[in-house]
Every structure is written in C-alpha cells, then in structure tokens.
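Engineer: Okay, here's what each chain looks like letter by letter:
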Amino acid sequence: MKNKTKIGLTIVLFFCLFGSQQNIFSQDLKPAILDVQYLKSDGNPSLKISAKYREDRVFYPATGLNFTIYKSILLDEKDELTEDSLIGSATTDEAGLALFNLQKNQIKSIGNTFIVRIENSSVFEEDEESVMFSDAKLSASIEQEEDGNYITAQLTDSEDNPLAEQSLNVSLKRLFGKMQVGEDESYETDEEGKISVQISDTLYSKSGKLNFEIKLDENDDYGTIVDNLIGDFGVAMVSKDTFDKRTMWSPPSKTPLFALIVPNLLLIGIWFTLVLLLVNLFKIYKSK
Amino acid sequence: MKDSNNQEQRREFIRKGFKFGLVATAGGVLLTKYLSTSASASESEEMVELMTTEGDLVKVPKSELQEHHNASAYNPREGFADKKFVMVVDLAKCKNARKCQEACNKGHYITGENAWLKIYKMQESKETSPYWMPTQCQHCDKPPCVKVCPVDATFKRRDGIVLIDNERCIGCRFCMAACPYSVRVFNWEEPKQEEQASAEPYTPDFCGKPSVKGTVDKCDFCPHQTIKGEMPFCVKACPNDVFAFGDMYEDAVTNGSGTTFKLSELLKERGAHRLMESLGTEPSVYYLPPVDRTDDFEVGLENYTPYESVKKDTEL
Amino acid sequence: MKDYDKIVQDLAPKKFGFWGKIWVTLLCVIAAFAMYAYYQQLSQGLVITHMRDYSLWGVYISNFVFFVAISLVGSLVTAILRLSGANWATPLTRISEVIAVAAIVMAGLTIIIDMGRPERFYNLFIHGRLQSPIIWDVLVITTYLFISLLLLFFPLLPDFSILKKYFKDKPKLSNWYNRLSLKWKGDDRQVKIYNKSIYTLSVLIIPVAFGIHTVTAWLFATTYRPGWDSSNFGPYFIAGAFVAGAGAVVSVMFVLRKAYHLEDYITDFHFDKMGKLLVLLCLVYLYFNVNEYLVPAYKTTEEEADHLKELFVGDYAPMFWIVIVFGLIVPVIALLFKKGRKPLPVFIIGLFVVVGAWWKRYLIVTPTLLHPFLPVEGVPKEWHHYFPTGLEWTITIGTLSGALLIITLLFRYLPVIPIHETIEELEAKHQLKAQKNEK
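Protein chains in written order, with numbering that gives the first Met the number 0: chain A, 0 to 287; chain B, 0 to 315; chain C, 0 to 438.
If you are wondering where the hints come from, they were derived from the structure by calculation, not from laboratory data.
Positions of the beta carbon are idealized from the N, C-alpha and C atoms, including for glycine.
Keep in mind that the hints are not guaranteed to be accurate.
What the hints assert, rightly or not - Computed footprint of chain C on chain B, listed as stretches where at least three residues anywhere in the stretch have a Cβ under 8 Å from a Cβ of chain C:
#, segment
1, 110-116
2, 140-149
3, 155-169
4, 197-208
5, 257-266
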C-alpha cells in the first residue's frame, strides 16, 4: 500500500477508536447526585445513603447502585494523614436509598469520617461523598404526671455532656405520616440538654399503643438521631363499623329481620296456596 | 545492504505490530461497549412513576419494582379491621390542576370516557362564589348503592371502603341510579386497557385491574396502596395539597406533602361539611370550604374541559 | 241443542287465514331482526344503545315498566270484574289473561335484555339480597306469572273438554285437547273444586298484582332523584297500569272480534261498557298525575323545579303534552259520548291510550336521569342527551312484536271467548225465559 493510504487508514482507525470510546463514556456513565447522612436510630448507628440522577429536568432514583464504604482512619495526628479502611458495601433499593449499619466500635466520640464511593459502576460515574460527625446520645421517656403525660428527652454527647440549644422534633407516628405532638413544631434543649413536652390533647389509637418519635434532625455536627417511644395511653374510638350488624346495606347473611321475615312469610303463604291449587288440578284429573 | 534490509524489516514489523495493536484495542473497546450495552438497564426499558417520601416525582425501571402485596393477610370483602378511612378535600386550595384525575386514571388503567374522580365547576347560586370541587366516591356509611344491589356485588367493608366485585356484578345499574353523587361509571363496551391491567388475578380491591365489560366501576380509595402503607394516587399527585387521607380512629389525616393533621381539629377549625348531608348517606369525605383561597377561581379555567375527563393516549 | 253447536262452532279456534299468516310472518320477521340486534348487543356490549353513564336506563327499562303495567289487566278484568259480579265482562276474561301472560313473559325477557352481564342471571338466586327492590321484583314477577298461568288454565279445562269432542276428526289435535282438559267431565265434584280454585285465584291475584306494580314503582322511588323521589309512586303506577291494560284489552278485543267474526259475542255493548270503564280509569290516573306534577310545582325545590321545567316547557314538553292530551284527556272526552263508545272509536282511542302509556313511561325514566344532583361534566356532548339508537329500537320493537306473537299464537289454539261460560249463560237466559213464560 502507498504511504498516504496507510496513514489515512491509521487516522480513520484512530478516530473510530476514540469515537467509540467517547460513546462509552458519554452515553452510559451518568453523574449521580449523592447524599450521605449519619443516622442513629434507637442507639443503632448507620449511614443513610441516597443517590439520584437527573434526566430531562426530572430526578430519578439511582437504583441498584453499589457503594463501597470506607472509614477514614487517622494515622498520624500531627500530619493529619488518613487512610481509608474498607468496612463494607451497600446497594440502593428502588427508591435510591441504602442503609448501612455501623458497629458501635466503629464510632468515636468526635471526628468520625466515613466515605462512600461509587466504584466499578457500569451506569454511573465514579464518585464519592463523605460525612463527618460526632457521636451523641438521645434518651427519651414518657412521664405520667398528675396533670397529664409528658415526653421528656435528653441529648448528650458521647461523654454524657449535655448538649444545649439543640432543636428536637417530637412527633407521633400515624398511618401515613408523622403528626406534631404538643404545642410547638420543635423544642430546644435547655442547659441540661433536656426537653419536656406536655401532651394535653387526647391521642387516639385502636390498640392503645402510640408510637412517638423524638428526633434531632440533620444536625451539622451530630447527624440525625432518632429515639422511638411507645406509649400505651392511646384512646380507642368507638367503632363505627356496621359490618357485623344487620343493616339494609349488609350482605344476604345479615339481612335485617324485618326484611327477612315479612317477604318470606308472604311468599310462603302465597306459594302454599298455589301448590294447593296445583293439587286441585290433580284432583280434577283424578276424579272418576 | 543487510542493515537497511533489517531496518526495513524492523520498521515493517513495528508498523504491523502497531496496526495490529490499534485493531486489537479498537476491537476490544467495541466489544466492551457491546457487552455493557446489553448488560445495563438502558433507556429503552419501561419506567414507572413513583413518588418518594420527600414528595419528589421519580421514575423507576419497572424491573426494579417489588410487589409488597400481602394478599393472603386480609379478606378483600372484609378489609382492615380497626381502621376507618376518611378523606379531607380542601376546596380553598383546589385550582383545577387535574393532576389527581390524571394519576387516578393512569393508576387504574381508566380508558373510557368518564373518569372516576371529577373536578366539578360548582356555583351554588349566581351571587355566590364559584369554586372547583374534586368529587369521587364518598364511601358512605349508609351507602344507597349497596342497599339496592340485588346480588351483593357492591359491598361495604369494615374499614369503610365500598368496593365492587366485577366478577359478580350483573350490570343492572341500579347502584348507579341510586347514587346521588354520580360517581359510578359503567363499562358499556370492552375496555381498551393495556395488558398490564390483566397481568394479575382479579381482586375487588384494585378496581380497574382489569375493568369488565357490562359491569360498574368507581373510586376504590386505593386499598392496593394503603396495604403497602402508601396513600391513594390522587392524594400523592396533587401539587396543591388539596387532599388529605387517613384513619379516623387515629384522628389523623396526611396530605400529599406528608404533613399530618389532627382530623377533629381540622374539621372543627376549618368548618368542614359533607356533600348532600341531608340525604343521610353519611359520606367519608369531608370538604373544607373555599375560604381564604390560595388562588382565584379563574386560575382553574385554563384546564377546564367540560366534555373530557379522561385524556386519550395521543394527548399524553 | 242447535244453539250449543253454533256457539262451539263460532268460538272454536280456527286456522290462520291469509291476513293471519301475513301477520304472523311479519311478527316473526321483526323478532328475527330483534334477535340479530340482540346478538350484536351481546358481542359488543350495551354500547350499541344510546345509554351512557348519565342516561343509565333507557327504553329497555321504560319498556319493561310498560309490560308490567299491561300485565295488570289480567287482575283487573278477570279478577276484579268477575268478583264484583260484572258478568258482561266474561267474554273478555280470556283475552285479558292471555295479554297478561304475554306481557309478563316479555317483561321478564326485557329486563334480561337490559342486563350488562345476562349470563350471570343465576347470581340473582344464589347471591340475592332481600334488601334490594330488584329481588322483590324478581320474586313478585315470578309469582304473578304463575298465578296468571293458573288463572288462564283453570277456565280452559271445560273448554278443552268441549274442543276435544269438536275436533274429533283431527285425532292429533283432539288428543292434545284431551290431555290438557285433565279428564274434565263437568261432574259435581270437579265443578266444586273448579269454582273454589277460580275464586281463590281471583282473590289472590289482586294483592299480587298490586304488589308487582308497586315494587316496580319502587325501583325508582327508592332513589333520591327528583322526579322519582315521590311517596306517590306506588299508587300512581298502579293507576297508570289499569289505564294501559284497559286500553290494551279494547284494542286486542276489536282485532280479534274482526279476525274471528265474533260480533255476536263481543257486542257493541261490551265496547260501551269498556269505554265507560276506561273513562273512569283515565280520570283516576289524571288525578294521580295532578298529585305527582302539580304539588312539587307549587314548591319550586331546586332539583324538582328544574325537572318540571323540562317537562312542562323544556325539551320534553312536546312529548309530555301530547301524552297527557292524546293519551288521557282526549280519550276521556271522546268516550263520554255514546258515539265515542262504538267499537271502532273505542279501538282507536284504545290505541291512543296504549301508545300514550308507552311514551309516558319513557317520560318517567329518561328526563330524571339527565338531571342528576351534581352537574353533568367531564363527559362527551352526546352523553348529555338520550334517544334510542336503531339497534335499541329494533330490540324494543322486537319485544313488543314478541308479545303480540305470543297472543296471536295462543289464540290459534285457545278459544278467544270461554265457550262453556257462554253456553252456561245462554242456558241461564233460557231458563229465565222459560220461567217467565210459565208465569
């Protein structure tokens, strides 16, 4: 082959190669929008990872996305050298959320750093997100006083020092959402890190059980800390259910007695007479 | 001469090697691309629209969905014991956006000419103010439709929901004549639903899945959603938080944004009423009057289509 | 017994003549078209009608109510008149019973035609709810049909016995009459049972007849809709049924009289009497109409006012006034005159009454449905109106021709006028004459 042709072919081949490479990277790997939160629920620490991506102005959850999770370990305090220690992995569900449970011994009192990374994803670009937090404790209980029920909670750091002026939400879990309990939307902890919420209204529950949630919501230093409480002073409302009663809108097995007896009596009376008349026809036939 | 020959041979070898290398890399790259295309979930897969707990509308590949349906846990004719579903419709917020109707139509595969949830342009008299009123089955506690059904095809459950058994209905339409709220629709011909509607065995607690020719359909208060812990399609779809739904025995209703209210307080403070209360049907839907409206009534006229309540595929 | 033979010969069922055959063929052709139209309905669904979600009931239901109304004539002429000793009505009893049976059978078929899933008919029996007016209707209709059949059959026994002898040169026919006569000989024992049975049936059919049309009225009155939500509906429908039934009898009796040359037996006197009866019934029905329409008009309740406006001056006004005027008022006026009570005028007036009755029921069913409590919105423009489609009309006319076919075919084999009773009455007359002569 002539030299020029060779060079031409090479150039074409080169472009094809690059062209197809571009294809791979621009079409299939999408940038994901990540969010990592520290969530401590009833004393159990975890990382809450959410991933979504944007396409045509609509957000879609990134499902089935695998994250590798690392804990950042300080090797040298002076030089602030850190090492990422692999502690596990998590995959997002159909809502693009993943919950990774941490061990209590993985949490220090302050300066925890965890990193989640997208590695080796065929759909999403490699990315990482980190979360830094200090540990805190939340303990809540229900006090039954003379003038009603109180929900009390105390927020302390991991060394039992009270955390004051932190905002706690107190809510009651209902079928489809959380209902505000007490006067205010949120309550500030006092110098002792405590709050006390009076429950003045009647709270209803068929089983009597009330599921309360006391939450420090997305705090910059401590993450999200949730404590669940079960109270048993829920009032059961009288059932309005007529399913077992005899009504005009019940199924045939529960017909009101009047509707059952009167038509049947009338029908039996009339048909009995008609049967006798048929017997009469028979008698006419039989007479000699 | 030998040297130049060797040089030539070396060059030739390098050239060939280079070419081979290029081809190999190109081939390898192309092969990887082909493989990854077939493995990943691409744009061509069907997406299903869902709403997250934060209220965002998201699309999820259908293959990722898992049915949480626990069909054996309860009897569709009896429903949930210890629950009584109620709905609150805030007429002060309705702007006739019609997202509720679209979500209901889509979720229940409604393809006829009459939607189950309709937004009426109401005006009591010439001097009083017009307003938009979304109306669906009221799931009355003294249902006139259930009273007149001759074959027990429509029935009232413990949880207050009134359902229809499309496998028993004989199509006499007496229930439709008896209902004062005009919420029932009839399948006058074979419904033109997509295959998904007939994908699973029929159960009365998912009306429209599938619809049956010659029988009656209506709003079912979405028990197929509530059994999963989710709210009805209309409640979630409304961009203006018009609907709130909940369990009366918890004295709580939650709107589309997730805000939960104490039902008794809401009804008392906002002066709630029910439709046609004097007929004695005892509906399960409460209406909050159009007072302190968020928008003028005229805003809703943009979407007003008096002769259409179900959008056909070509328009979507 | 020359008279006896002549009576039998006059009243015995005859073969169809030329026009008879044409008539039957026409009815069969109409029925065939109707069956084709129904097949279309079964395969495509009720969409072939013009019924839609607002006009959810249409001519099928108004036709059904019409048939139930007509069927009451059996109890009127056969039972009430008989029990009250109006012997002049005896020649008309069989005509009334046959009309009643035909009407009730077609009523049952018509209601099945209206069902969206007719193959699930059996659900009415396995899952029936006694709280539902439809179940009451099913029960009463079945009962009434049975009673009507018995009330038709019993008086036929002596006639069958007579006919078996009359047709002895036609062995097959004679054999049938023989079997159906249940070995009737007319001896004392049989006569005693016979009289008691007919008396019982006559008494029994009256409350059942009242029941059947009251329950049918309650299909509407148990709903909230204006125009239907009336405490007057039961008696209103019954009064209307008597009018329609009487109109049907005079029409049919005129035709049969002509077709079978029964002028000696159904005389001008009968038409005169029926004419007077029709006047009375129409006046009673007019009274109920006044109660039904003028009382709500006084009050102007919102929904009622809209409904009445439609009927009095709105879209339905022409139909409404034609039905009231030509279906009730004109008949009353015309029948007040002696000339108006001659056979032909009575026949024409009877037709007016029957046609008026049919459209009256259309006016009861349709306008109310198109005026629901909430506005009619979100549906195509065509859904705001109702008028039956071609296929719907075909099926409806098919049911009407089916009723006429049943009547025609029954009278091919049953004597139009009870032979034995005619003979008995003639004998009684002779006896009286003889007694007078003796004096």
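Engineer: Taking the hints in turn, state whether each one holds.
Structural biologist: Structure-based check of all given hints:
1. 110-116: holds (count 3)
2. 140-149: holds (count 5)
3. 155-169: Holds, because 3 residues of the segment 155-169 of chain B bring their Cβ atoms closer than 8 Å to Cβ atoms of chain C.
4. 197-208: violated (count 0)
5. 257-266: violated (count 0)
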